[in-house]
Amino acid sequence: MHDDLNWAIGGEAGDGIDSTGKVFAQALSRAGRHVFTSKDFASRIRGGYTAYKVRTSVDKVQSVVDRLDVLIALTERTVEENLDELHEGSVIIYDGERTEFSGFEVPEGMVGLDIPLKSLAEDAGGALMRNVVALGAVCEVAEFPIENLDESLRKRFGSKGEKIVENNKEAARLGADYVDEHYADDVGTLDYELETTDNDYVLLNGDEAIGMGAIAAGCKFYSGYPITPATDVMTYLKGRIEEFGGHVVQAEDELSAINMALGAARAGARSMTATSGPGIDLMSETFGLVATSETPLVIADVMRSGPSTGMPTKQEQGDLNMLLYGGHGEIPRFVVAPTTVADCFHKTVEAFNLAEKYQTPVYIAADLSMAVTEETFAPEEFDMDAVEIDRGKVVDEDEISKWQNEKDQFKPHAVTADGVSPRAFPGTEGGVHMSTGLEHDDLGRRTEDTDERIEQVDKRNRKVETAREEEDWSPVEYGDSDADTLVISWGSNEGALVEALDFLEEDGVDVRVLSVPYIFPRPDLSTAVEDAETTIVVECNATGQFADVIEKDVLERVDRINKYNGVRFKADELANDIKEVLA
Amino acid sequence: MSSDVRFTDFKSDKQPTWCPGCGDFGTMNGIMKGLAETGNSPDDTFVVAGIGCSGKIGTYLRSYALHGVHGRALPVGTGVKIANPDIEVVVAGGDGDGYSIGAGHFIHAVRRNIDITYVVMDNRIYGLTKGQASPTSREDFETATTPEGPKQPPVNPLALALSAGGSFIAQSFSSNALRHQEIVQKAIEHDGFSLVNTFSPCVTFNDVDTYDYFRDSIVDLDETEHDPTDRDAAKEKILDSEKEYIGVLWEDEDAVDYNTAHGVEGNMADIDESGAPEGATDLVREFY
Ligand SMILES: Cc1ncc(C[n+]2csc(CCOP(=O)(O)OP(=O)(O)O)c2C)c(N)n1
Ligand code: SF4
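Just so you know, the sequences run in chain order A and B. If you're matching positions, the first sequence starts at 1 in my numbering and goes up one per residue. If you're matching positions, the second sequence starts at 1 in my numbering and goes up one per residue.
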């Protein structure tokens, strides 16, 4: 009996694919099952192929695999698009009454369930509910108690009134009954049974986790400009952050967004913006100003395929060099790279502390596949009680005198041993000062004095050195710590890699995995590389930007696995890639 | 705010490096006096400066301040004002800074009606980069980069502001010290976005829009029958390209400023340092 299921609904954008998928994913999660979702979507609002995929198991699932067990195909193209993931025994649910399916042939070896989705939906109260009819059918196929859908349907349609909720429940039941009546034998042989448990899970995506992390960290100001796949951070915060005394501004562009966030940060707010590659480009000039004026700021880059507008709805980890080196001149910064959806929460909280402790900009290097992926977690993984707030060297009226020169002028850029200067918010008596993107003295006044220039550059860079010593930049380790093969990954590849370990183990391949959530500063991996016979760096880009960085650090060549077709790594595929490198 | 603040409290100890006679001196003095007269203190004031000769004002003025990048001063001021509505925010910059590279931000700051005072030191030229045409330069103004003149009409910042729904639109002349100060004061007192386009002649690179030119051409609205609450009258004057008006052209006293409209209040610098804010756990619950 199979308890694992890879399920998808696909059709045209505008067909309600996402919300249908989400209803089912939520139902599974509420029933105590693990869920991992992924989306295939094109950059258009109506028309164009789009699909929402759900992988579920009672055990933790944290990546996608090359396998589709049940497919709701709203269009014939959906079948074509997924043919290579479908397998012998896969179920295809379609509506044969639709003209486009009139000559449709179910691929050999697969089980076709021809269900009059639209007519049944009409029977339940409206054609719009055809997706829900299909969901009911999936419940029947997978032996998942249909009552589990009810709460998700209420969550989705509750605002439209009880009648609509009831109609949807009815639609689902009609779908299930139809399968039971017409296809009981076919379905019986498939032998699925999705077990429910008492486990308590939450289901969320990376953008939402970043937003929740921001609120948890006390962020009060967010300014952003819509861009796929970062927009959900703003959507999440809007309407929520206000409850916590905060505010969201939809700026006129990214230049404005980062400058507003900078202004709010100068006023003392914990402040943030999020964007994707093209927005990071636009923010670069101000990024330097943020660093030079020593303003704490959190900037999330939810990466997508580049360069230029590239493939806006596809995965890539191609902005790393930009985050590490972008901006003219030399800019001290931090770059953290969350490795999972839950880690998006933690790294965001951490980013605010780093930003304020060291008065520097902090990049969060997230990416599309993690940002739009919903994943189940135990709620304890988002432990609000564990959140710590460190505002760094904020000074008040009383403390200010220690930081004044003989003329009672506050020294916002005082040269200190750890590189961090005092910070006074506007409104604080005696703390008056100016900051500027021009090179300045410790009072913030423009200078071209050679000694002062060096003092300030060294002071700013010293913050990074201090942080290197004071903070824990360790990678997360998986697999066999004595293995000869070392696989290094950063960002969202962790889940696929962890699952790949199972496939590799089956083939007797031992691997040590180091998943690196800090790019700058980053852990010292030289000993790990020295100990390994083979080191492979896995990343979603063509040139191996992180591999380059590692080579520079360890002065040794490393092997690379790069994927840049726009699709995230799949666990089984990654296992094969690793075997190939070792062959 | 303390009432015994004098305008010299707003003076930093840095000596301006502006060319002797530059219009920016007078513009800055008016801002400092206006701030002091309206009861603000340097501790409660934030000045954001743009880039250009004009942008150097942040260095000479004493207050909390940021001297930002070219054209982006208004968004910075917006962020400050939203994060702490109790702070008086003044943004100052040049015509190039505000109407060229920052033109987009200008329109949107006006639309937002964020309560900041924006003083543009309009010298109708790029000063700091040594004399190229600016968006307010005349059509036939010859410079090294426009040897035959820009051959495009100058931007009319007042018209832009009016069309974007501006709630306070004024023009001023740096050399009319008292009048300039008075206009800036009114701008500071206005609840909402206030534009004060200030003629601040560049004595080094602009030999057309000079002190003499302005002295001869300016019409002070106080010496006319102009009613700043009459939008049509304002429109007529703003679109009159033959004259150089100074004074308050338009003030919409009923306009609701951004923070009020969005219910933004309180100082966002105050956060609970003991951990996640109260109620944050409910956020996790939403994902069930
Ligand atoms: C992104 C960017 N582009 C160009 C410059 C160069 N630059 C400095 S000041 C300036 C023009 C300033 O003109 P304006 O705003 O009219 O000020 P003024 O110097 O006349 O007071 C330019 C183009 C810059 N600093 N940054
Ligand atoms: S160049 Fe012109 S604008 Fe700049 S300081 Fe000199 S006079 Fe003033």
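Keep in mind that the hints were calculated from the coordinates and are not lab data. Cβ coordinates follow ideal geometry from the N, Cα and C atoms, glycine included. Be careful, since some hints might not be right.
Said to hold, decoys possible - Residues of chain B clear of chain A, computed beta-carbon distances all greater than 10 Å: (1) Asp-227; (2) Ser-274; (3) Phe-287.
Stated by the list, open to error - Covered stretches of chain A, as calculated for chain B (at least 3 residues, CB under 8 Å): (4) 205 to 215; (5) 218 to 228; (6) 330 to 340.
Could you work out which of the previously given hints the structure breaks and list their numbers from low to high?
2, 3, 6
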